[in-house]
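Keeping the supplied structure of chain B fixed, place chain P upon it in accordance with the hints.
Protein chains: 2
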Amino acid sequence: MNPDITRERQNATFDVEKLTHILDGGIEKTKRRREIESLVISDPDFQSEDLNFLSRSERYDAAVKKSAQMILKLREYGISDPEEIYCYKSVFRGHHHEALGLHFVMFLPTLYTQCNKQQFKKWVPLAESFKALGTYAQTEMGHGTHLRGLETTATYDPATQEFVMNSPTITSIKWWPGGLGKTSNYAIVLAQLHTQGKCHGLQAFIVPLRSMNTHIPLPGVVVGDIGPKFGFDEVDNGYLKLENVRIPRDHMLMKYAKVEADGTYVKPPSAKLTYGTMVFIRSMIVGEAGHALAKSCTIAIRYSSVRHQSEIRPGEAEPQIMDYQTQQYKLFPLLATAYAYKFVGQYMNQVYHRITGDISQGDFSELPELHALSAGLKAFTTWTASAGIEVCRMACGGHGYSRCSALPDIYVTFVPTCTYEGENTVMMLQTARFLIKSYRQASAGHQLSGIVSYLNESERRLQPQSVSSRPTVVNVNDLASLVEAYKLRAAKLVEMAAKSIQQELQKRVSQEDAWNNSAIDLVRASDAHCHYVVVKLFAAKLGEIGDTGLHSVLSTLALLYALQGIQQHSGDFLQTGLLSVPQLSQVSQRLKELLAQLRPNAVALVDAFDYRDEMLNSVLGRYDGNVYEHMFEWARRSPLNKTEVHESYHKYLKPLQANL
Amino acid sequence: MNPDITRERQNATFDVEKLTHILDGGIEKTKRRREIESLVISDPDFQSEDLNFLSRSERYDAAVKKSAQMILKLREYGISDPEEIYCYKSVFRGHHHEALGLHFVMFLPTLYTQCNKQQFKKWVPLAESFKALGTYAQTEMGHGTHLRGLETTATYDPATQEFVMNSPTITSIKWWPGGLGKTSNYAIVLAQLHTQGKCHGLQAFIVPLRSMNTHIPLPGVVVGDIGPKFGFDEVDNGYLKLENVRIPRDHMLMKYAKVEADGTYVKPPSAKLTYGTMVFIRSMIVGEAGHALAKSCTIAIRYSSVRHQSEIRPGEAEPQIMDYQTQQYKLFPLLATAYAYKFVGQYMNQVYHRITGDISQGDFSELPELHALSAGLKAFTTWTASAGIEVCRMACGGHGYSRCSALPDIYVTFVPTCTYEGENTVMMLQTARFLIKSYRQASAGHQLSGIVSYLNESERRLQPQSVSSRPTVVNVNDLASLVEAYKLRAAKLVEMAAKSIQQELQKRVSQEDAWNNSAIDLVRASDAHCHYVVVKLFAAKLGEIGDTGLHSVLSTLALLYALQGIQQHSGDFLQTGLLSVPQLSQVSQRLKELLAQLRPNAVALVDAFDYRDEMLNSVLGRYDGNVYEHMFEWARRSPLNKTEVHESYHKYLKPLQANL
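Just so you know, the protein sequences line up as chains B and P, in that order. Residue 660, in the UniProt record's numbering, is where the first sequence stops; the numbers in between run on with no holes. Residue 660, in the UniProt record's numbering, is where the second sequence stops; the numbers in between run on with no holes.
No lab work stands behind these hints, which were simulated from the structure alone. Check the hints yourself; a few may be wrong.
Same chains, same names: a pair is fine if it fits in one copy or spans any two.
As the list claims (entries may be wrong) - Pairs of lysine-lysine, PhoX-like flavour, derived with a Cα cap of 20 Å:
#: 1; residue 1: 122; residue 2: 255
#: 2; residue 1: 131; residue 2: 73
#: 3; residue 1: 117; residue 2: 255
#: 4; residue 1: 241; residue 2: 642
#: 5; residue 1: 122; residue 2: 258
#: 6; residue 1: 592; residue 2: 499
#: 7; residue 1: 592; residue 2: 507
#: 8; residue 1: 651; residue 2: 131
#: 9; residue 1: 654; residue 2: 73
#: 10; residue 1: 651; residue 2: 65
#: 11; residue 1: 121; residue 2: 255
The structure displayed is predicted, hence computed values, not measured ones.
So that you can see chain B by itself, here it is in the shape it has in the complex (with noise of 0.2 Å):
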């Protein structure tokens, strides 16, 4: 164990352990999560070469091997509940993806909540059994969040019964859809429904692809891989071209929709039913800006406390990067960030639960807010999560470039939060527009309850007042008081989206165009909403924590999250009258008091986190903190170490000293 390290541990002021199970949910949890890890951590099927050192097709290989491996293990240990099958899998795929991804988070899913009986019946046990091996081909080459642009067409053939598939432009072909490529047999097909002369708009549709014999692709079906990617080398995205593949009637999803055998179209009967699987995914989104931001935190400030570099004072030894002021305001406000989104993450799965409830007992109302609020904060925590996990690698200096420290593996993996599940600029358009209706609803009289209630008192309190008039409402030590300002910031901020609207319309342009010439208004307005949101969600954890050492510690983070915040939008706080000058100078001060009182307790932050070195795969990070010798260790191990001369030297070195 290096000293510094140990060090570091014994600074602490709380206890480790139960921070972990408040991060678990429960000491149980904690149990039962090292249990499975321990499974997958000590089974020698999951053992691997670094996947870094293999080509693109060794990593689909070794991705498939283990999925493979994967379900067997499943069904051997007898774990079935999602939750555990999450742990288990979040341990084997480390910062990467399982092959059959698509398959378990898309392909039967929507079997389950589309089929009716008897394709039910038919294709559950075909995907369940992987006889099936399928993919969700949603996102076309020229379309992607905006799902009414999809151009694939289903054309019902009374004749036969039969459905023609077609992708009749070059921008139509499916592109994308993880597993696709060379993976799956069936794909569940998004296509625009033309029956009777037509269109009835997008349904699902079951798609054989490739022979469930031989795996060749079927006649009809142009499959591939669509190359390689930032990230995702283990995961064959695809390609597929639709050319007149004829599939039976009851190959389109009918538990809702139908299409009768004459060709008649019968409507659904809600169009709320599909929402419950984004607003799910999204929400799980929000958790892994957490997890992705904690494994980066866990690296750079463990390595932050063995790397010695520079001197503060001359002559002294180098101290660790740690005590630089520079280092602990790049890494801290993120080891809050970090915390902060776990626990919110916590609270969009407890509500997803709850509402879900309501959802399956026909009740909706809760829907449009938990569909806002879960887009805004899926843009908001990948868009600070994926930016914050480069400057843990970046604060690791030239190592952190290095693969062996795991931070590029976790970038490229996490940063496509940012565009999947809805694009992050539109989802933060969608927030806004619940936003604008809500203040449109309580300008109207409307009493608003839930998260945007405070836009019930925008009205009465944010009168313009010149800066220097207003009275100062804001203890920049009490979070609070702080959670008020995030909130009355954001009740400002929609207030002035709402009125560029307002102008907008005055010179007589369209509503559509008012929208889109006040979009910059509207993403700042959701920004300061979902931030208002994630500062609210902390304090209230607040609340729940009774361990005294624990308390202090997570307060002095969530005012950290609160005060940087503020610090870095000071703009904002300034002009809606919310913060004076000198209180600007005050949290600056604050700021600095506050990353020196986590100083001694930042190494047992991350630790509590409890990720096992088996997980992070990063030298950096490796909790022992001995960095070098295994750096040089996995270094050796580089392929272009196998020979003591690569073949370069004799094709091209040696002939070209010769010519000259």
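This is chain P only, laid out in the frame that chain B set:
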């Protein structure tokens, strides 16, 4: 040609070709650049498969091959002017690196400048004929930016008149030098010189690594590749462990410091001599930041003009995504930044060449200022450009993640500039040291000259006053007025940092601790200083533009750059009383107008960067806008598509299906 992009070009209000000349520095330079580009692009020897389809070993192989070819070609064509060589290289390298990069950038220049006469006669011909393939081994596993911390030792043995080279610890192993792993047979090694029982600090030594005949590592030399990284796949960044390697006395580079036969150490005449290269490389990086951002903007803006998505007005066709205000707000300020950095790069280059003349005359007076400026601007521009590349990438939706967009390559190739040649935070603090020193001189009554002369005024102008009572000086429509505002902001933030140090000192902490405890403020002050310099230089450039159409569009860009910076740092401008709250609303409004104003010129502005398709190597950034058909073609070449059925199906999936 895609009709959307044709229409964009027709709408432009200025002469693209003229702007290209300005960016190149004159019509003749444009002409010559294009000639050289054509030489490379039309050369069948430089055609190769997309590197993204190759394994790391194949990529390294391809890079060595290209470097060897380039050397022969440059001789064949008689290209020897450094600027023309640089141009030639930047074409054949694309977004990647050359295998022999360090040989040219560090090994040869160090020999030129630090050999004495006899050494020059021996080593330069060996290096110029590539018999000696060299690199520059400075960074160690545990030591980067802080050079004094390097541990490698060179101990003089007068008995044999040799230096004994050693890596005494694991942290002293040389780590990261490009070309060290497999390519080089020589390295210039920086090591602590020990002679006559005393350490005399760092000196440079020529150390043979591999046999010049067989390329096999020599006894005592443990050398290899450090393994895969975030980018730089084609470079063999290496490690080097020296175990009692003996080299003759004349392998120490002795132009300045010397060791005599008996071991007597002779000091060099001046320490400033090694300054120059560092300043030069950092200045180059500023230009590279403009270059990387310009390439990214070209890709994102062209793609945004042909990509249609979602809807603004219901029922109408999907609009070009460049019509969304949020898309404009992402891309146009970055476009303005790319122009700004290109102009700053031109300026730095001119200043460097002017001052180099002075230095060779023994006049070092301007060097400290240039050193401080190049350090800060290197950090300021590389941070912004790196984040900007990612914004461009994500503004392309899902396809930005595909390697066919080229944006992932541009990012991973550029982002290391934040860390190498001086870690950015350290660079910012170096600039801050110069600013604080200048501030103190001004406070003590000295009249400052040069770029920091604004600190002369600080005492007089920046008396604390309340925000509302301050007279409003800024005209948000006038660039000169905005330059002034940036200047005053910088002055105020330098003052605040100086006062923070002062306050710390009053708490009786040491100078060094006071500095560290004010580091956040110091970085902020440097940042404001650099921002001021960039805005000022952009405004100054406008003074050189005679053409009305060009002047108009560049003025719009400059104003956008300045106002967006103010919006992003609105807290600073409000806090320092340089802007009032109503003015801030004006800034927001004006920004939206500028976005709309730039919209018709956006494609033409990236066309003016004049990157040929072969250099951009981006399907999304194609000049003709025919994105989708070429994306499909690219994907089909993916190595995973070489077989219809991947072997993993037979190895894992079929057995899995049989098992369940």
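Okay, the hints, checked on the actual structure:
no.: 1; hint: 122 <-> 255; result: within (14 Å within a copy, 84 Å between copies)
no.: 2; hint: 131 <-> 73; result: within (18 Å within a copy, 57 Å between copies)
no.: 3; hint: 117 <-> 255; result: within (8 Å within a copy, 87 Å between copies)
no.: 4; hint: 241 <-> 642; result: between (42 Å within a copy, 18 Å between copies)
no.: 5; hint: 122 <-> 258; result: within (17 Å within a copy, 85 Å between copies)
no.: 6; hint: 592 <-> 499; result: between (37 Å within a copy, 15 Å between copies)
no.: 7; hint: 592 <-> 507; result: between (47 Å within a copy, 15 Å between copies)
no.: 8; hint: 651 <-> 131; result: between (48 Å within a copy, 15 Å between copies)
no.: 9; hint: 654 <-> 73; result: between (52 Å within a copy, 17 Å between copies)
no.: 10; hint: 651 <-> 65; result: between (36 Å within a copy, 8 Å between copies)
no.: 11; hint: 121 <-> 255; result: within (13 Å within a copy, 85 Å between copies)
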